[in-house]
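Asks: Put the complex together from the two separate chains, hints included.
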Amino acid sequence: MKKHQIEVLVVGAGGAGLMAALYASKTANTAVISKLYPTRSHTGAAQGGVGAALGNIEEDHPDWHTFDTVKGSDYLGDQDAIEFMCQEAVPAVYELEHYGLPFSRTPDGKIDQRPFGGHTNNVTGKPVRRACFAADRTGHMILQTLYQQCIKNKVQFFDEFQMIDLLVVNNVVAGVVAIELATSETHIFHAKAVIFATGGHGRIWEITSNAYAYTGDGPAVVLRRGLPLEDMEFFQFHPTGIYKLGILITEGVRGEGGILINDKGERFMEKYAPRVKDLASRDVVSRAMLTEMKEGRGIKGNRYLYLDVRPDVVNKYAALDGRKHPDGRPYSVTAEEILSKLPDIVDFCRVYLGVDPVTDPMPVQPTAHYTMGGVPTNKFGQVVIDASNTVMPGFYAAGEVACVSVHGANRLGTNSLLDLIVFGKHAGLNAAAYAKGADFQTLPGDAADFGLSQLNALRTGSGGEKVADISKEMKAVMFDGVGIFRTNDGMADALAKVRTLRQRFKNVRIADTGKVFNTELLNAWELGNLLDLAEVVALSALTRTESRGGHAREDYPKRDDANWMKHTLAWRQGDGGVQLGYKPVVVTRFQPKERTY
Amino acid sequence: MDDKVKVTLKIFRYNPDADKKSHYDTYELTVERTERVLDMLEHIKGYYDGTLSFRRSCAHGVCGSDAMRINGRNYLACKALVKDFGSKITVEPIMGLPVIKDLIVDMEPFFEHYRSVLPYFINNDPEPLQERLQTQHQRERFDDTTKCILCACCTTSCPSFWANDKYVGPAAIVAAHRFVFDSRDQAAAERLKILNNQFGVYRCHTIFNCTIACPREIQITEAIGDIKKAIATGKIE
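Protein sequences, first through last, are from chains E and A. Numbering of the first sequence is given in the numbering used here, commencing with residue 1 and proceeding in unit increments. Numbering of the second sequence is given in the numbering used here, commencing with residue 1001 and proceeding in unit increments.
Isolated chain A (complex conformation) (with noise of 0.2 Å):
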């Protein structure tokens, strides 16, 4: 299993001190063919070119750090690795987002959208003693939009935010359905509302670019399907 291979490595490169063009670097790498692509990158950090800047924490794909465009397809650098890319790998910032320096982008308009859906829990009744209860199956309902990390990497592989970055985009719509669903919630219709205009749901015309993207494997274009579907019939099942 560590076989090794040769990789020709191209980074999209912007340093806005001193740049006022983006352009690529190339380096060329023998590495084990289970190393991860920010296995690479903090190589080149290290050994080569200390300015390289890009942003990582976990390195194991459950933080959402490190989202990047890895041949024209976004991944998570640390869940991506180099026996599924062949020997020729490029790599470039998320799109859709201000690139500030190399592979790190400007984040915040995609945690306002975040913010714009009511991501947190509501619900006004006052507090049992113990736990809400809840069946395994209403419990079921909204598992799978729980296991969002905020990444962006659904957000920024959808054509429709290319267009018009007004669009609340598919991270924020997962957030809200994780709460539309979860049956101890009370605002469900508030945020229903919130995304039933031209810059909610109905922006998303199926492309599924998201869903492919998602490293968490979260059916993103269902769960928009969901909210559509309860936007449309006013019930929440």
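Excised from the complex, chain E in its bound form (with noise of 0.2 Å):
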């Protein structure tokens, strides 16, 4: 067992973690661990842009972000951490900018932005250009300019260390517990201050776009050390997954114009969002779509719809919508504009599909794909642990894993790019100044002894159980039970499903002994890992009697802010259950409206 005392230690190596490894490190001792090399994280498959109202294209304002954010997540998104991410949006992007990060130009040289989902014109309610973006590898390029900047500050990494548990010493963080996956060695990091920054948890559902190593392990080890999630139910699909693969095909994709079609040829978002039509809000594009699939007008019956973006029917659409250039020229494409702008997707449907999207449509089905719920923090960063926002001292989250919540119950496109490089900041910062003024607690002999515990508990199953069977049970389970429609009795059957695979996964028997990258062994604890999340994601969906952003009930279709304008928290109960309790949502500004596109 090998001992490290660091001052911040970041968990993660993701957009956020990296960020918060910056600003930490330029005042105190920082180290960050990974279980993936830093440049494997998932941010780095985010494609189509980072969210701020830089106005370089057209007009725009840090308000109209906020008040669409506010919308956007159906109110139930803290309003003064949605100011303070709207506002910061700008100089963090400049910032960015200034580490070197490659965005594609304006003819005058400026960042480029494109329109995006939900982020319109608060005069007009048109869609407006706030999405700053890099061609269709956006994240791609804000995780390699971080990981280049820690280089140049010399940040300390370990590499492929996977956290277990968190160390808590008289209520206050201590440290975390990693195995270091070469060797199987222990580590214990002792630390004044730590930040999580592990992600999101997507691998629950069937069809995902999401990494496998989205296994909501920061999570995870938060709730079985006695401290509560937020918003769990919360999760957003994206509109276009590749079909079957649900690998992303960005939403920049309608942003540069193009259109969601149904078997009869009809572009189908007119009737449900007339105004915006395919750039709506995420939540209300994958309920058009499942509608239409389920009253059969997928594509040839089957579980897709198209997703057009071919110059003619780009040009076609855009004349028939009036949409124009800045400068009052009628919008078109060409096929090359297209291979520019968006040249990954075009790589991916000419991999996975055999389909080349400038001469024939792409087959797409909503994909799991964004966690908006969490570990609850405040705008510092800071992790807060019951209905009163009360501080853990030492403990912060940013990005996937964190609910400040600037996401509410349904996030915007751009807003998660967004969220990393401002609460990582942030986190980074305030963890590293909390750190100067704190000291180290006193850990005790047995440390790693809880999470070593559960590595062991895989070790000597009965052998009874496969993990990947109830893997695979547990993804089938979730995208049909609590998917994008919900009802009272999907969700119970689908909790009551869970909870039988975590009594299953008690069975599980790895077989590799060895100690060198023993990957199925840490594989089985992250199913673990992501049963957990399951059951409160299902049961915390099962409470809530309303339809709200991403949480859409068939039972109980209607929002209702006179019972469920309230953030859900969850604690587990031992192991006999999650017990639930609410915190009141902030507003500010904006009161409650209906939610229209």
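What the hints contain is simulated information worked out from the structure, not anything from laboratory work. As the structure is a prediction and not an experimental result, all values here were calculated from the model. Heads up, a few of these hints could be off.
Said to hold, decoys possible - Distance condition first, Cα-Cα at most 27 Å in a straight line; then the derived BS3-like pairs of lysine-lysine:
| id | chain 1 | residue 1 | chain 2 | residue 2 |
| --- | --- | --- | --- | --- |
| 1 | A | 1010 | E | 515 |
| 2 | A | 1006 | E | 466 |
| 3 | E | 154 | A | 1088 |
| 4 | A | 1020 | E | 515 |
| 5 | E | 26 | E | 379 |
| 6 | A | 1021 | E | 515 |
| 7 | A | 1004 | E | 466 |
| 8 | A | 1010 | E | 472 |
| 9 | E | 515 | E | 2 |
| 10 | E | 152 | A | 1166 |
| 11 | E | 244 | A | 1083 |
| 12 | E | 244 | E | 475 |
| 13 | E | 475 | A | 1004 |
| 14 | E | 154 | A | 1193 |
| 15 | A | 1004 | E | 152 |
| 16 | E | 244 | A | 1088 |
| 17 | A | 1235 | E | 152 |
Replies: Here you go:
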């Protein structure tokens, strides 16, 4: 067993973790542990853009961005945090540019911007160009740029280290326990402050855009340590995943003029969102797609629709919409422009579908995409642990793992990358400032035992169950029962099945007894995390008897502000289930209104 | 598009905890033609042999975890579809880096070369209030090399790197190129100096393996040529 003393320890090396590390390392002794090499992190898969009201192409204001985000959240987002994020967006994006991020450029050399779902001119209600982008590789560029800057600033990395436990002493965070994948050696990172930037848990669902690594390790560990998770019923299904594979096709495709088409050749989004049509918020579009398919208008009766970005189609509908360039010229695109603005999308389609988006429409279906809920924090990145927002000393979280909540019941496209850079930065700054005034807690001799006991259980199970089987069943159950449309019966059934799967999981025994890269052991532990979180997701969803944002119930189709303008908190009760509580939403300037697009 | 085929999958195996020597395991699978090689490896790990070890994460060609040698050439296993390989598929670790276990190699020497070329933006002028301006033409100049995902397909397909692992390798040169030709960066001369030695760009003998192997279709040999030319002429164009 190895021990390290570090002032600020960051867990996770995606956009939020690297941003936190960059800032914390300016003043504090900082290290990053990550189960992947940093550049493998899922931030790199983000495509379309990072939202900031730069106004480089047309009029825009951080205030409009704030309102759009509040509305997009279906009024469940905390408005103080949303306003903070949208104001900070503008300097944060300039800062990325100063770090060298290769944004695409406007003809006058500024950062280029494109329209995205739910981002509007608040006067006209029309889409506004707010997403700052680097082709369809914006997340890749953010991840690479931040990693490069971390190298430049000599941030200390422990690559391929799996965090398995959070250490808490006297109700203060004291470090983490991690396993070095190459050797299976246990490491105790004794820290004054810990920042969780571990990402989401989209691998709970069958069709997902999320990486294998997206197993909710951070929230699962938090839950086991008796701390609550927030708003776990809210999960985003992105409208356009590649059929069957779930691989993301950026909303930027629709930003560039692409449209969704059903089997009758209709542009069906006109019916569901008359003003912004294909650029409605993601929850709205995903539901519309499911409705089209349920009513028999999937392509050839299948569970997919077409996303069409062929230039003649784009130009036809742009003319019908009266879409114009900022200088007043009618909007039109060529095949070359599509290729230059969406090169990776074109590549994915050619590789995985044998389809060329410039000449053929793409078969798409909604795909599990983004965790709105997570570890509750305030806008300073501090983890809060109850309904009165009591701060847990020394504990911070940022990025998809955190629930600030800036995304509420539904995240707007481009706000995830924004969340990473703004709250990653502030978590890093605040953790470093805290560490300067804090002492190391004294660790007990058995600090590693709780985490290690979880791994040992996987080595000694009866062997009657396979990880692959349980994983497959969980994904199918959650996709069917706690997916885009939800009912009491469907969710209750899913919850019961997930509870059975959690019991069956106790019989798992891994075959690999070795110490070198025992990925089987770690994958099994990850499945345990997903199962724990799936139970919380299903119970939180079953209990919320309304429809709001990504949580759409057929038996309660309306939003219920009188009873449900509140955040869910969920605690694990020993091994005997989950207890729910609630806390109020922060409302500052915008009272809830009906949400239409 | 979903017709199934029988595949004989031969996988390189080495477990340092148990094996003195490496060997190959062979599996017969019936899979959809559009299945990824990565899907087959996952299936084998899940149902036949949990000890099979390999890296993977995004599973769609953007994270760079699962570079492997498939039928003798480097690919990302998640971008390699069964239909493109026929009924006999052999999967081995990428070459030129020490094998740790099965398909997992030690990436540290690769990242050490990467770090050696100052792979980060350097501009010591005071930062403007807004963005530094850059024309679309200037941005286009280095677009190709911004795509690199550090998967190591290129470096581990290069015979010069196999011959001498002190060679900085194509991936590190691509990283340097991305900054040398960025109009906003100020450290081109330093990077060119780093690459102007016996283990730098001159180890490249334009064999083009790297370009063929790159899953991001970066024109690597051309980028190396750009750097050679910049060193020779002292001009960055």
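Asks: Holds or violated: residue 1021 (chain A) with residue 515 (chain E), Cα cutoff 27 Å?
Replies: holds (18 Å)
Asks: Taken at face value, is the distance from the CA of residue 1004 (chain A) to the CA of residue 475 (chain E) at most 27 Å?
Replies: holds (24 Å)
Asks: Holds or violated: residue 1020 (chain A) with residue 515 (chain E), Cα cutoff 27 Å?
Replies: holds (16 Å)
Asks: Regarding the pair residue 1004 (chain A) and residue 152 (chain E), is the alpha-carbon distance no greater than 27 Å?
Replies: violated (49 Å)
Asks: Taking only the CA atoms, is the gap from residue 154 (chain E) to residue 1193 (chain A) under or equal to 27 Å?
Replies: holds (22 Å)
Asks: Between residue 244 (chain E) and residue 1083 (chain A), does the CA-CA distance stay at or below 27 Å?
Replies: Measuring from Cα to Cα gives roughly 17 Å; hence the hint holds.
Asks: Taking only the CA atoms, is the gap from residue 26 (chain E) to residue 379 (chain E) under or equal to 27 Å?
Replies: Roughly 21 Å separates the two Cα atoms, so the pair holds.
Asks: Are the Cα positions of residue 515 (chain E) and residue 2 (chain E) separated by 27 Å at most?
Replies: With a Cα-Cα distance of about 16 Å, the restraint between residue 515 (chain E) and residue 2 (chain E) holds, given a limit of 27 Å.
Asks: Hinted pair, alpha-carbon criterion (27 Å max): residue 1004 (chain A), residue 466 (chain E). Please report holds or violated.
Replies: Given pair residue 1004 (chain A), residue 466 (chain E) holds - Cα atoms ~25 Å apart, limit 27 Å.
Asks: Is the straight-line distance between the alpha-carbon of residue 152 (chain E) and that of residue 1166 (chain A) 27 Å or less?
Replies: holds (22 Å)
Asks: Does the alpha-carbon distance linking residue 244 (chain E) and residue 1088 (chain A) stay inside the 27 Å limit?
Replies: Within the cut-off at roughly 25 Å; holds.
Asks: Given the hint that residue 154 (chain E) pairs with residue 1088 (chain A), does the C-alpha gap stay at or below 27 Å?
Replies: At roughly 46 Å apart (the allowed maximum being 27 Å), residue 1088 (chain A) and residue 154 (chain E) break the hint.
Of the numbered hints listed earlier, those contradicted by the structure are 3, 15.
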